[in-house]
Amino acid sequence: MPMKRQQQGSVLQRLVLCIPYAWLLVFFLVPFLIVLKISLSQTAIAQPPYTPAFDLAAGWHGLVTFFSGLSLDNYGLIGSDPLYILSYVKSVEIAAFSTLFLLVIGYPIAYAIARTPRRAQAVLIVLVVLPFWTSLLIRIYAWMNILQRDGPLNDVLMALSIVKEPPAWLSTDSAIYIGIVYSYLPFMVLPLYATLEKLDESLLEAAADLGCPRWKIFWLVTLPLSSSGMLAGVLLCFIPIVGEFVIPDLLGGSRSPMIGQTIWTEFFGNKDWPAASAVAVLLVGLLVTPIVIYQNQAARAVERE
Amino acid sequence: MRKLSAFNLGAIALGIAFLYLPIVILVIYSFNASRLVAVWGGWSTRWYAELRQDAPLLDSAFISIRLALTAATAATILGTLAALALVRFGRFRGRLLFAAMIYAPLVMPEVITGLSLLLLFVAVAVDRGFWTVAVAHTTMAMCFVTVIVQSRLVDFDMSLEEAAMDLGASPLRTFFAVTLPLILPAIAAAWMLAFALSLDDLVIASFTTGPGVTTLPIRIYSQVRLGVKPEMNAVCSIMVAVVGVAVIAASLLAKLGGARGGAARL
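Protein chains in written order, with numbering that gives the first Met the number 0: chain A, 0 to 304; chain Z, 0 to 265.
Keep in mind that the hints were calculated from the coordinates and are not lab data. Note that CB positions come from ideal geometry on N, CA and C, so glycine has one too. Just to be clear, a hint being listed does not mean it is correct.
Selected chain A positions facing chain Z (in silico; Cβ < 7 Å) [said to hold, decoys possible]:
#  : residue
1  : 10
2  : 16
3  : 18
4  : 21
5  : 27
6  : 33
7  : 35
8  : 108
9  : 130
10 : 137
11 : 140
12 : 203
13 : 206
14 : 207
15 : 244
Computed footprint of chain A on chain Z; a stretch qualifies when at least three of its residues, placed anywhere within it, have a C-beta under 8 Å from a C-beta of chain A [unchecked claim]:
#  : stretch
16 : 20-30
17 : 47-61
18 : 73-84
19 : 97-106
20 : 116-128
21 : 180-188
Stretch-level coverage of chain A by chain Z, calculated; a stretch enters the list once three of its residues show a Cβ under 8 Å from a Cβ in chain Z [said to hold, decoys possible]:
#  : stretch
22 : 110-123
23 : 161-167
24 : 211-225
25 : 234-240
26 : 253-263
27 : 279-290
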């Protein structure tokens, strides 16, 4: 009887692991390998629009022609065309600055929430997270309403006579920054709050008792102790922002696209699948470094606990 | 002891205002009688009435809801299995790759997920449509499910399961009679998140869909690209209302069920 139970257990265990494992292999890992392969292929006017196609039926000979058909041409194209390079630079620039803005805006909010009474904290965190549940598309569309030339933002600015002429907000980088900061604020506030909330207040009291001024306590004690939350927040925002598509497409101009838009246009507009794949592979390469840093950080945090 | 300074209070008030004002303005504009969105023409529900005439839009809404139901359910099953494997099986062979495949999609740009899945579907020459989008959304959402269920399983009292097994329950019975009811609040929260993610997604669906299957975000996107439209204000307000009611109901439910471990992570 116990024998049988154990057997049932191990078969079940294998199933529990194998089903999601197989799913992720087929629908996450294999697609990546295909992207990598197509990035080394040539554009062709065919269906699918690239060559060489992989033909298992041709056997060893097919395999040889397949590999001899691969080339690094697409990567050379990316290196030589300023459009691609500018689009990478612009993505990293926008992601870096908006992450900085997010940190500067998110920190005081997270800090303040962590200092409210326990019960209020729970409610405030729900309030911060709630907008994240509504569609990103809708939230960005809401900003399209506000940032129109004759929209409410310009009405307010004119009424306060901060500006004389209503400025154009849409199709500018400022609009992209506003949209990104708005959409990613919960992702910055949550990890910051999680570390600030655990902060040992006796350390702050000790510093105050020893005559340390308040700004210095913040600079020397609070800020360094919240560095793990800052790193988590920065990475949680920076990585997805680099590849962002919806926000720059709806709020930004078309003159200098971000990398997500470039992949989109190569794919849907120019039907150049190999080039789109090569741009995507380089983007993943660009993002792997911060992901590895984050993994290490997370692993260390788990060990500490 | 915890005194709230004016600075702290101001940071919270400004932060919350910044997060909610745009949505409030959107809802107010959706009741604007004027066709010109920026000109206030008095209160009216005419845009909501006009939505009922818009057959393609209703069609898309129906597709999106069906899609979200399918993907959320599949993602919840797969994600829960993955969470069980990660928490319970210790250091099995291939764990590193498994964990990487769970966490990578959480931060992966949607453009890349969409592109790579489309290339897979093209490579195996499958007809694209409802089911390809469902598979793509399942893959994207299951990783979020895993993270939520995992956080609940980590502080799970193993002695309850051991007791059931000692009393002669089979592993399968133990799971359904003991484990599942205890992690159910987290699973419900995860299902809702998966549903919201699927309903929200534009990019992955655009890549993986086929002719005739236009999801609601794709339809809204094609309309708003060209500028603001009063009908779209109404559609978006309805979606905000639905999501708002669902989330508030769910968090009340979670509070009753004591699902703090699962819900707090979000």
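Checked hints:
no.	hint	verdict
1	10	violated (9 Å)
2	16	holds (4 Å)
3	18	holds (6 Å)
4	21	violated (10 Å)
5	27	holds (5 Å)
6	33	holds (5 Å)
7	35	violated (9 Å)
8	108	holds (4 Å)
9	130	holds (5 Å)
10	137	holds (4 Å)
11	140	holds (5 Å)
12	203	violated (12 Å)
13	206	violated (16 Å)
14	207	violated (13 Å)
15	244	holds (5 Å)
16	20-30	holds (count 5)
17	47-61	violated (count 0)
18	73-84	holds (count 6)
19	97-106	holds (count 8)
20	116-128	holds (count 5)
21	180-188	violated (count 0)
22	110-123	holds (count 7)
23	161-167	violated (count 0)
24	211-225	violated (count 0)
25	234-240	holds (count 4)
26	253-263	holds (count 3)
27	279-290	holds (count 5)
When held up to the earlier numbered hints, the structure conflicts with 1, 4, 7, 12, 13, 14, 17, 21, 23 and 24 and fits the remainder.
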